[in-house]
Amino acid sequence: MSETAAASAEMHQSSTGLPSRKLLMWAFIGSECMLFGSLIITYLVYRGRSIVGPYPEDLLNIPFITVTTFVLLMSSLTMVLALAAVQRNDMRQGKLWLLMTALLGLVFLAGQVYEFTHFVHEGLGLTTNLFGASFFLLTGTHGAHVFVGVIWLLTLFVLAVSGKLTSENAETVEITGLYWHFVDVVWIVLFTIIYLLV
Amino acid sequence: MSVSEASHDTAGTAAVHEGTYSGGLWSWVTTVDHKRIGIMYAVFAFFFFLVGGLEALLIRIQLGSPESTLIDPDLYNQLFTMHGTTMVFLAVMPLSAAFFNFMVPLQIGARDVAFPRLNAFSLWVFVFGALFLNSSFLFGGAPDAGWFGYANLTSTQYSPGVRIDFWVLGLQILGVSSIAAALNFIVTIINLRAPGMSLMRMPLFTWMTFVTSFLLILAFPAITVGLVLLMFDRTFGTSFFNPAAGGDVLLWQHLFWIFGHPEVYILLLPGLGIVSEVIPTFSRKPLFGYPFVVYSGILIAFLGFGVWAHHMFAVGLGPIGNTVFSATTMLIAIPTGVKIFNWIATMWGGSLRFKMPLYFAVGFIAMFIIGGLSGVMHSSAAADLQQTDSYFVVAHIHYVLFGGVIFALFSGIYYWFPKITGKMLSEGIGKAHFWLMIISFNLTFFPQHYLGMHGMPRRTFTYQEGLGFEAMNLMSTIGSLVLGFSILIFLWNVFHSLRKGESAGPDPWGGATLEWAIDSPPPHYNFRVEPVVHSRDPLWAEGGLDVDVNDPTAPEPHMPSPSLWPCILAFGLVLAAIGAVAKALLIVLLGAGVVVAAIYGWAFQPLER
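Line order of the protein sequences matches chains A and B.
Each residue of the first sequence is one higher than the one before, counting from 1 in the numbering used here.
Each residue of the second sequence is one higher than the one before, counting from 1 in the numbering used here.
Treat the hints as calculated values from the structure; they're not laboratory data.
Ideal placement from N, C-alpha and C gives every residue a C-beta, glycine not left out.
Hints are supplied without guarantee of correctness; some may be wrong.
For each label pair, taking beta carbons as the anchor points, the in silico distance ranges come out as [what the hints assert, rightly or not]: (1) Tyr295(B) <-> Lys164(A): 30 to 36 Å; (2) Thr156(B) <-> Ala144(A): 42 to 48 Å; (3) Ile51(A) <-> Phe341(B): 52 to 58 Å; (4) Ala244(B) <-> Ala144(A): 27 to 33 Å; (5) Tyr195(A) <-> Val43(B): 49 to 55 Å.
Calculated from the model, a selection of chain B residues having no Cβ within reach of chain A, i.e. all distances over 12 Å [stated by the list, open to error]: (6) Ala110; (7) Gly161; (8) Leu216; (9) Thr224; (10) Ala327; (11) Asn342; (12) Val376; (13) Met472; (14) Gly484; (15) Ser503.
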């Protein structure tokens, strides 16, 4: 991770002055936009086309998801605090906020697990109808992204605890943050089109 | 130029490049050198080009006579599906990737790509994914629902067994390879350009690689989602494409063609880039209207996202949809035409040297114009209804993808083979290859226009006697056999020239771009000293480069160390896919475990050791 940055800095100048890894993450996010875009279109195309229930209005619990949405948005705040702390080499705070971000992500995921199991109990499985299939695929893909982000954050936390993550690696934390914020932004879109537009 | 020639004579550098490709099998498996990766891309891609070609020959032999019983309908379906899938994903795209890999870092004056290990990962995912897809022939038969895999032909009801599972998983794996490679080239081209090489000084091939990479990262997610929906339908029993449960089969067509039409330009634009390099070099003239050629390429890519439904005129989108997509499709003819006029204007008044690369480039222009014109015919929805699903369309796509892309790629092979290997390809054998190929290509595909207009449908394993199809089908079959023979002549040229070809030297053609400033084959670090660029054609500037990029007294640059992790990671992905096809959860989990272990192994392995 960190070693990569040092080595490539020695080998190549950067034409734009931007670190290559950051550009890579931005380009990847561009690609991810098309991935989520295609999934969102699938969800919207099939909205109201299920021929058997349960239907979205029977199940979706907006107050509950509003709370988990708030938790996920707060994790973006803690991510910013983590990066700021690492940049000023305050690793005590850095560790705290990295862990906090991962924990908030886990709370969001726990909410999603609760929601999914609740839906299944209410009779909405993956194969029940088009709503079930497109809902579980879309929110599940997002949840998988959150899960990857949590693992990534916990890895950084372990590195920080063992003293291998310092302000020299602030760029790595920044790139993790780019990914994390992107996943949060996607959720804002999903919250709007799945829950608020029900 | 004088600078580079002088340094070429020094014995010291010559000894270094001997080592560019030396080392055993292990050194190739673990390599992160963009040049070796490019060569492996080329070798595997050409192998699959031959496989796809054999499939095409079997199709043509079957169609050579009416009511032939040589190949049964089931095998025929597998052959045309795998011919299309192989040529698109396993031959043309990786052959383009071979050129991206080898030439882009050289053209921008870099020592490697931005992420050398990610580059190796792309290669191995492609190789393993291609082998996985083709292994289906051994396990219950190859995919047989067409390269477009229309729903609900691909449902478990109409396609039981594992054939479609191989296709669904194979294409997802190949998508990973393409996206990883494209991300790498976007960052490489943005960030690793030599000092002074502004965007508008980049060689056209690098420009088209850049544009193609954006197409790849934006188009592939659409087909990935389509494939995931299909996988859920087939594996978990969802109803995304099941009309009985409210599913819409047209969603597949939209998702597929939102990918599929940009894919046409993913195949084509690298070829346009190659031709834009070859024509100026062999005309001894800078490219006419460079900014127009660049912006036309960008415009083609941009418009390419707005034309997908012209593949769907026959489904009945209604007059507004058909009109809009007709109009956007016609618009694409404008930037394409601009490029053709620019190439002609570059040659106009130039001192033309008809070497093999220029033969193929000119052949490309001629064939591509024919394919482009029949493309404009399809853009009219009313006319398209007459042509769709007929051999007219088969003729059109082969004029664009073979007459266009393959001719351009051969132009690139003849142009850069000396740079890659240090040996010239034989001009004499090359001429035999070219003339045989262009004549037999036209013999194969030109009659198909008439066959289509007379009503011969595509993807049908035979036709009855007395419909008037016999003579033209026989012509087409004879043409295809000669076409196959011309490829053998090319292979002979390669083997002959590798052993006995004359030495190339750094700059056999008098090229203008940076790759010609260094030795052939290039030393493993490419440029010993970083070049500085002041113009679009740096080697044609008076006095050539103002730095000696080969200065043997400069310290030898450090390069990244070999790594096995990319190969292991690629293997883990394919292992998971094997488990999914075999419906063995344990193998899937094992594959996922390998993936996770390899990601961590990779992330914590220093780039240089």
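Check on Asn342(B) being off the interface with chain A, judged by Cβ distance over 12 Å
Given that every Cβ of chain A is farther than 12 Å from that of Asn342(B), nearest at about 27 Å, it holds.
Supplied distance hint 42 to 48 Å, evaluated on CB atoms of Thr156(B) and Ala144(A):
25 Å, violated
Given as non-interface: Met472(B), partner chain A, CB spacing beyond 12 Å:
Holds: least Cβ distance 41 Å, greater than 12 Å.
Check on Thr224(B) being off the interface with chain A, judged by Cβ distance over 12 Å:
The assertion about Thr224(B) is violated, with a minimum of 6 Å to chain A.
Verdict for Ile51(A), Phe341(B) (Cβ pair) under range 52 to 58 Å
55 Å, holds
When you look at the beta carbon of Ala110(B), is every beta carbon of chain A farther off than 12 Å?
The assertion about Ala110(B) is violated, with a minimum of 6 Å to chain A.
May I ask you to test the hint 30 to 36 Å on the CB atoms belonging to Tyr295(B) and Lys164(A)?
47 Å, violated
The output says Ala327(B) does not contact chain A. Does that hold with a beta carbon cutoff of 12 Å?
23 Å, holds
For Val376(B), is the shortest beta carbon distance to chain A beyond 12 Å?
28 Å, holds
Find the nearest Cβ of chain A to the Cβ of Gly484(B) and say whether that gap is larger than 12 Å.
Gly484(B) is indeed farther than 12 Å from all Cβ atoms of chain A, at 38 Å.
Does the Cβ pair Ala244(B), Ala144(A) satisfy 27 to 33 Å?
29 Å, holds
Evaluate the given range 49 to 55 Å for the C-beta pair formed by Tyr195(A) and Val43(B).
Given a distance of about 52 Å, which is inside 49 to 55 Å, the answer is holds.
Checked against the numbered hints listed earlier, the structure breaks hints 1, 2, 6, 8 and 9; every other hint is satisfied.
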